[in-house]
Amino acid sequence: AQSVTQPDARVTVSEGASLQLRCKYSYSGTPYLFWYVQYPRQGLQLLLKYYSGDPVVQGVNGFEAEFIKSNSSFHLRKASVHWSDSAVYFCAVSNSGGSNAKLTFGKGTKLSVKS
Amino acid sequence: AQTIHQWPVAEIKAVGSPLSLGCTIKGKSSPNLYWYWQATGGTLQQLFYSITVGQVESVVQLNLSASRPKDDQFILSTEKLLLSHSGFYLCAWSPDISYEQYFGPGTRLTVL
Chain A
1 AQSVTQPDAR VTVSEGASLQ LRCKYSYSGT PYLFWYVQYP RQGLQLLLKY
51 YSGDPVVQGV NGFEAEFIKS NSSFHLRKAS VHWSDSAVYF CAVSNSGGSN
101 AKLTFGKGTK LSVKS
Chain B
116 AQTIHQWPVA EIKAVGSPLS LGCTIKGKSS PNLYWYWQAT GGTLQQLFYS
166 ITVGQVESVV QLNLSASRPK DDQFILSTEK LLLSHSGFYL CAWSPDISYE
216 QYFGPGTRLT VL
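The listed protein sequences derive, respectively, from chains A and B. Position 29, counted from 1, in the first sequence is what my numbering calls 29; the numbers after and before it change by one each time, with no gaps. Position 42, counted from 1, in the second sequence is what my numbering calls 157; the numbers after and before it change by one each time, with no gaps.
By construction, these hints were calculated from the structure, which means they are not laboratory data. Do not take every clue at face value.
[Claimed, not checked] Taking lysine to any residue pairs in the SDA-like style, the calculated list, with each CA pair at most 25 Å apart, reads: (1) A:Lys110 x B:Arg223; (2) B:Lys141 x A:Lys110; (3) A:Lys102 x B:Leu177; (4) A:Lys49 x B:Val174; (5) B:Lys185 x B:Val171; (6) A:Lys102 x B:Val175; (7) A:Lys102 x B:Ser144; (8) A:Lys110 x B:Thr167; (9) B:Lys143 x B:Val174; (10) B:Lys185 x B:Leu227; (11) A:Lys69 x A:Glu15; (12) A:Lys102 x B:Ser182; (13) A:Lys107 x B:Leu197; (14) A:Lys49 x A:Thr30; (15) A:Lys49 x B:Gly142; (16) A:Lys102 x B:Thr167; (17) A:Lys49 x B:Lys143; (18) A:Lys24 x B:Val175; (19) A:Lys102 x B:Gln176; (20) B:Lys195 x B:Pro210; (21) A:Lys110 x B:Thr155; (22) A:Lys110 x B:Leu224; (23) B:Lys185 x B:Arg223.
Pulled out of the complex, with its shape left as it was, chain B reads as follows:
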């Protein structure tokens, strides 16, 4: 069975500080990977997707970047946080020929 793990569970950061969020998929080789952002009480917005190691496509620019250093790892980062970055960040994966996406437990980010 596939498992998806996100870290950290929660972060409280200052405006202007750097950020790195991680996501790891176990039990599935070469998954498609996605990052989503959810404003508090809001809907989900896809930020990035990756179909292979080293390749990341941006869907929405929010002064964030993403990287895929390993087949099973997806990293979301920024050098300078804004207040508007607060929210819930979700990583998701899908099999390469399927349509549904499976979500991780999420990371709650509070920027003060």
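If we strip away everything but chain A, and leave its shape as in the complex, we get:
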């Protein structure tokens, strides 16, 4: 079975500060990893994804994440946050691709950016 742990339910940072949102996964096979963002009362938007290759992947709006296999982690980072980054961020792992891919989500981290 696969699982995702996001240990921080809430994170507050000041505008312009750097950000790291933590994610650890558990999956016995090759993980396919994702970060999604959910703004209030909206659906989820894909920020970035990791399948293979360079362990540091770039996403939209200046976000990046690093896959560390030895630590089973896929932390999300941003060098300088903006107030508009305030949202809930979900880390997810997929068991496989194709027709019956199942995304398992973490519980999410609510990011608040103080101006």
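With chain A fixed as given, assemble chain B onto it according to the hints.
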């Protein structure tokens, strides 16, 4: 470009009443389709998936059912709502050989 539309945007329903939520994908033929449920302030749970018209697989039983009457349409329904059905319902799609899923705007359901 592909677009995903969900309807209605929000529903307020009484316990015991029927429900039908819809999802339509435009711009992509034969997508894989998924239904997710999100409790208020909670994580997402996959409910159903479909790889082709007429075929739906259940992942979690929540006294809900799903159907795929057309290639671009996915319907979530129940004949009798429970209080526990309240939450945010999200439809998602993925290309048939890809891994990421793309989500619709969601439907907020309140059961009273």
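Verification of the supplied hints:
1. A:Lys110 x B:Arg223: Given that 25 Å is the threshold and the Cα spacing comes to 19 Å, the pair holds.
2. B:Lys141 x A:Lys110: violated (31 Å)
3. A:Lys102 x B:Leu177: holds (17 Å)
4. A:Lys49 x B:Val174: holds (23 Å)
5. B:Lys185 x B:Val171: At roughly 12 Å apart (the allowed maximum being 25 Å), B:Val171 and B:Lys185 satisfy the hint.
6. A:Lys102 x B:Val175: holds (12 Å)
7. A:Lys102 x B:Ser144: holds (20 Å)
8. A:Lys110 x B:Thr167: violated (36 Å)
9. B:Lys143 x B:Val174: holds (24 Å)
10. B:Lys185 x B:Leu227: violated (32 Å)
11. A:Lys69 x A:Glu15: The hint is violated at about 31 Å.
12. A:Lys102 x B:Ser182: The given pair, whose Cα atoms are some 18 Å apart, holds under the 25 Å limit.
13. A:Lys107 x B:Leu197: At roughly 24 Å apart (the allowed maximum being 25 Å), B:Leu197 and A:Lys107 satisfy the hint.
14. A:Lys49 x A:Thr30: holds (14 Å)
15. A:Lys49 x B:Gly142: holds (22 Å)
16. A:Lys102 x B:Thr167: Roughly 16 Å separates the two Cα atoms, so the pair holds.
17. A:Lys49 x B:Lys143: Distance of about 21 Å is within 25 Å: holds.
18. A:Lys24 x B:Val175: holds (24 Å)
19. A:Lys102 x B:Gln176: holds (15 Å)
20. B:Lys195 x B:Pro210: violated (33 Å)
21. A:Lys110 x B:Thr155: holds (13 Å)
22. A:Lys110 x B:Leu224: With a Cα-Cα distance of about 22 Å, the restraint between A:Lys110 and B:Leu224 holds, given a limit of 25 Å.
23. B:Lys185 x B:Arg223: holds (24 Å)
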